[in-house]
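Model the full assembly from the supplied sequences, consistent with the hints where possible.
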Amino acid sequence: MNHRELPEDKYLEDIRTIKEFLLKTESQPIYENWAFYVWGVLVIVAGMVHYYVEKRYNLRIGELFLRVWLPFILLSGFAEIISLVRNLEKNSMTIFSRSILKFYMSLIGETFVFGFVVLVIIRLNGVRYLPLTFLVMTAGWYFVFAMYFYTQLFYHAFGFIVLGFILFLLNVDHRLLVPLIASIIGISSLVVGFTSTLKKRKEER
Amino acid sequence: MRENKFYTQFDSVFFEKTRLSMLTILYNEGSVSFNRFKKLLGGTDGAIYSHIRKLINAGYIVQKKGIFQEKIQTNYSLTEKGRMIFREYLKFLSDMFEDGVMEQKADRKDR
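Residue numbers (this note's numbering), protein chains in the order written: chain C, 1 to 205; chain U, 1001 to 1111.
Possibly wrong hints are sitting among the right ones.
[Stated by the list, open to error] Cβ pair distances, simulated, as ranges: (1) C/PHE168 with U/TYR1049: 57 to 67 Å; (2) C/LEU176 with U/VAL1062: 32 to 42 Å; (3) C/THR111 with U/GLU1088: 30 to 40 Å; (4) C/VAL41 with U/VAL1062: 39 to 49 Å; (5) U/VAL1062 with C/ARG67: 47 to 57 Å; (6) C/LEU75 with U/LYS1039: 26 to 36 Å.
[Stated by the list, open to error] The calculated lysine-lysine pairs, modelled on DSSO-like cross-linking and capped at a C-alpha distance of 30 Å, are: (7) U/LYS1064 with U/LYS1054; (8) U/LYS1091 with C/LYS90; (9) U/LYS1081 with C/LYS55; (10) U/LYS1017 with U/LYS1064; (11) U/LYS1071 with U/LYS1038; (12) U/LYS1064 with U/LYS1091; (13) C/LYS55 with U/LYS1038; (14) C/LYS102 with C/LYS24; (15) C/LYS19 with U/LYS1054; (16) C/LYS202 with U/LYS1039; (17) C/LYS90 with U/LYS1071; (18) U/LYS1064 with C/LYS102; (19) C/LYS200 with U/LYS1054; (20) C/LYS199 with C/LYS19; (21) C/LYS102 with C/LYS10; (22) C/LYS19 with U/LYS1081; (23) U/LYS1065 with U/LYS1017; (24) C/LYS202 with C/LYS55; (25) U/LYS1017 with C/LYS19; (26) C/LYS90 with C/LYS102; (27) U/LYS1017 with C/LYS202; (28) C/LYS10 with C/LYS24; (29) U/LYS1091 with C/LYS10; (30) U/LYS1038 with C/LYS202.
These aren't lab readings, by the way, just hints derived from the structure by calculation. C-beta: ideal position from N, C-alpha, C; glycine also.
Shown next as structure tokens:
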């Protein structure tokens, strides 16, 4: 079998090359890490503002959405675009890279599902279940994020689902539920920002 | 002599570390800019450009000009031929090492 020795070495080298570049291109963060800190702080603040405004002015869910959550969504979206574009530029990637396209297709699909579920809940007069729905649907977004670089989000997502079920079974209905759930999601986002920064530093070393 | 048959099937354009790396990157990312190649592979602009030209001339990749962040940018992607040969090469590597393992098992049994 001596005649195979040289080609096999070459093939082994090729396998190493293919593996190296598959790993390099697969482990790319989508956003700059500061975006997670911004989202974390924004969602905690929005949860608190929701609690305050609801208690003080006794607003309906539609008004709360327009006055509290829409500005939050717009600010979060702005932070997302800035951090995405800066990250693409830093890594010389295009928006048409396969991983970015797959990520956004999944994220947009998940958002439509979320929107539909919220509409159904509102029509069925189940507004009190919206905070729990938001928690579990955030787990859905986290699963998408977890498939692209942010693997630790799998644990956060499963934690959210378990917590959502517990709160549902206990039939918890309290005004503090919104700021509580927003704070849990916010802290989780801050943790992701922190661990992603550590991971990046470790990889750079 | 399976390996020789396959070896001649993949041409010299394919059998070069930088070009194989480029094909791997394109296979995984779909569309890649020159700067992205430079960032991932390192090396000089001239060397990278020379490898790109060879892959284009062999019909494995194509270049497309597009606008990204208000600038004209050239992106590269695999052609159907490039995608097919990369898949065939992965299959060949997998088959070869499976055959190698089977041969080793057979040798052990014979002994």
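Now for the hints, and whether the structure bears them out:
1. C/PHE168 with U/TYR1049: 57 to 67 Å: This hint holds: roughly 59 Å between Cβ atoms.
2. C/LEU176 with U/VAL1062: 32 to 42 Å: Hint violated: Cβ distance 58 Å, outside 32 to 42 Å.
3. C/THR111 with U/GLU1088: 30 to 40 Å: Holds: the Cβ-Cβ distance is about 39 Å, inside 30 to 40 Å.
4. C/VAL41 with U/VAL1062: 39 to 49 Å: 45 Å, holds
5. U/VAL1062 with C/ARG67: 47 to 57 Å: Holds, at about 51 Å.
6. C/LEU75 with U/LYS1039: 26 to 36 Å: 31 Å, holds
7. U/LYS1064 with U/LYS1054: Holds, at roughly 16 Å.
8. U/LYS1091 with C/LYS90: 34 Å, violated
9. U/LYS1081 with C/LYS55: 64 Å, violated
10. U/LYS1017 with U/LYS1064: 24 Å, holds
11. U/LYS1071 with U/LYS1038: This hinted pair holds, its Cα atoms lying about 18 Å apart.
12. U/LYS1064 with U/LYS1091: 29 Å, holds
13. C/LYS55 with U/LYS1038: 56 Å, violated
14. C/LYS102 with C/LYS24: Holds, at roughly 17 Å.
15. C/LYS19 with U/LYS1054: 23 Å, holds
16. C/LYS202 with U/LYS1039: 19 Å, holds
17. C/LYS90 with U/LYS1071: 15 Å, holds
18. U/LYS1064 with C/LYS102: With a Cα-Cα distance of about 21 Å, the restraint between U/LYS1064 and C/LYS102 holds, given a limit of 30 Å.
19. C/LYS200 with U/LYS1054: 34 Å, violated
20. C/LYS199 with C/LYS19: 20 Å, holds
21. C/LYS102 with C/LYS10: 33 Å, violated
22. C/LYS19 with U/LYS1081: 21 Å, holds
23. U/LYS1065 with U/LYS1017: The hint holds at about 26 Å.
24. C/LYS202 with C/LYS55: Violated, because 46 Å separates the two Cα atoms, which is more than 30 Å.
25. U/LYS1017 with C/LYS19: Cα-Cα ~12 Å, so holds.
26. C/LYS90 with C/LYS102: 20 Å, holds
27. U/LYS1017 with C/LYS202: This hinted pair holds, its Cα atoms lying about 27 Å apart.
28. C/LYS10 with C/LYS24: Holds, because 21 Å separates the two Cα atoms, which is no more than 30 Å.
29. U/LYS1091 with C/LYS10: With a Cα-Cα distance of about 16 Å, the restraint between U/LYS1091 and C/LYS10 holds, given a limit of 30 Å.
30. U/LYS1038 with C/LYS202: 22 Å, holds
Hint check: violations occur at hints 2, 8, 9, 13, 19, 21 and 24; the rest are consistent with the structure.
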